[in-house]
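Student: Below are the chains, spelled out letter by letter.
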Amino acid sequence: ETGVTQTPRHLVMGMTNKKSLKCEQHLGHNAMYWYKQSAKKPLELMFVYNFKEQTENNSVPSRFSPECPNSSHLFLHLHTLQPEDSALYLCASSQAGGQDYNEQFFGPGTRLTVL
Amino acid sequence: KNQVEQSPQSLIILEGKNCTLQCNYTVSPFSNLRWYKQDTGRGPVSLTIMTFSENTKSNGRYTATLDADTKQSSLHITASQLSDSASYICVVTQGSQGNLIFGKGTKLSVKP
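As they're listed, the protein sequences go chains A and B.
Take the first sequence: its position 45, counted from the start at 1, is 45 in our numbering, and no numbers get skipped.
For any residue, its number in our numbering is found by taking its place in the second sequence, counting from 1, and adding 115.
Keep in mind that the hints were calculated from the coordinates and are not lab data.
All C-beta atoms, glycine included, are put in the ideal place defined by N, C-alpha and C.
Each hint should be verified, as a subset may be incorrect.
[Said to hold, decoys possible] Estimated spans, in silico, between C-beta atoms of each pair: (1) A:Glu56 x B:Asn133: 14 to 20 angstroms; (2) A:Lys52 x B:Leu197: 38 to 44 angstroms; (3) B:Ser173 x A:Arg9: 31 to 37 angstroms; (4) A:Thr16 x B:Arg176: 34 to 40 angstroms; (5) B:Ala183 x A:Met15: 24 to 30 angstroms; (6) B:Thr166 x A:Thr80: 40 to 46 angstroms; (7) B:Ser168 x A:Ser20: 42 to 48 angstroms.
[To be verified] Covered by chain A, according to a simulated footprint, are these stretches of chain B (three or more residues, beta-carbon under 8 angstroms): (8) 134-141; (9) 217-226.
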């Protein structure tokens with residue numbers, strides 16, 4: 001595996017379900033991100049982790065719960081979601097303080113549909 | 116307010132033709148500007164990056180320009196191919212902390 005991988009690629013869940021999205025980066029980076037991408041809207045930053053510590057939470061509802069057990073893995077735990085949470089969820093990683101202007105490398109995303 | 120505006124919202128061109136996508140920003144302080152290509156069902160992939168002192172950068176058939184005075188950037192695609200069909204996202208990095216401000220993207224469709 002290379003780059004940033006995400007599983008599952010597609011997820012359909014009911015509003016009472018609990019599910020988790022997984023992200024893994026194979027680039028040796030020290031920062032990881034969760035984004036939400038909805039149709040005709042800019043990417044919305046949800047959470048940022050630097051060296052496994054959460055450094056940013058952009059007023060995301062508590063039904064989204066991130067977890068970063070190590071610098072290579074990032075999870076997004078979902079529970080009691082709403083239909084408006086249906087979107088493409090993108091994970092990204094970067095090398096904070098690196099020489100590449102902190103370029104973020106994105107995974108392929110998880111297409112989430114909440115019924 | 117820090118914003119990135121892209122135009123057009125969508126564009127259809129014939130294979131082999133050239134096209135230019137626009138990006139205007141009001142982000143301050145400015146650090147750098149990137150153009151990303153996002154294929155359907157995939158994550159964005161960086162095409163070019165430009166800092167304040169650079170006014171043009173090429174990556175194959177893609178050429179990006181930056182006018183830091185007018186806060187405008189463009190992405191020119193030469194001799195378009197069917198594989199160029201994608202969304203193109205302009206992203207401005209704000210300040211030293213690296214906050215990314217995303218545009219909504221331009222959806223390009225290249226038809227045979």
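Student: Would you mind marking each hint as holding or not holding in the structure?
Tutor: Consistency of the hints with the structure:
For glutamate 56 of chain A paired with asparagine 133 of chain B, a C-beta distance near 39 angstroms fails the hint of 14 to 20 angstroms. Between lysine 52 of chain A and leucine 197 of chain B the beta carbons are some 42 angstroms apart, a value that agrees with the proposed interval 38 to 44 angstroms. Evaluation of the 31 to 37 angstroms hint for serine 173 of chain B and arginine 9 of chain A yields a pass: the beta carbon distance comes to about 33 angstroms. At roughly 49 angstroms, the beta-carbon separation of threonine 16 of chain A and arginine 176 of chain B lies outside the given 34 to 40 angstroms, and the hint is violated.
Look at alanine 183 of chain B against methionine 15 of chain A: about 47 angstroms separates their beta carbons, and that is not inside 24 to 30 angstroms. Separated by about 44 angstroms at the C-beta atoms, threonine 166 of chain B and threonine 80 of chain A satisfy the suggested range of 40 to 46 angstroms. Taking the beta carbon of each, serine 168 of chain B and serine 20 of chain A are about 44 angstroms apart, inside 42 to 48 angstroms as hinted. With a cut-off of 8 angstroms between beta carbons, the segment 134-141 of chain B has 0 residues touching chain A; three or more are needed, and the interface restraint is violated.
Taking a C-beta to C-beta cut-off of 8 angstroms, the segment 217-226 of chain B contributes 4 residues in contact with chain A, enough for the three needed, and the coverage statement holds.
Of the numbered hints stated above, those contradicted by the structure are hints 1, 4, 5 and 8, listed in ascending order.
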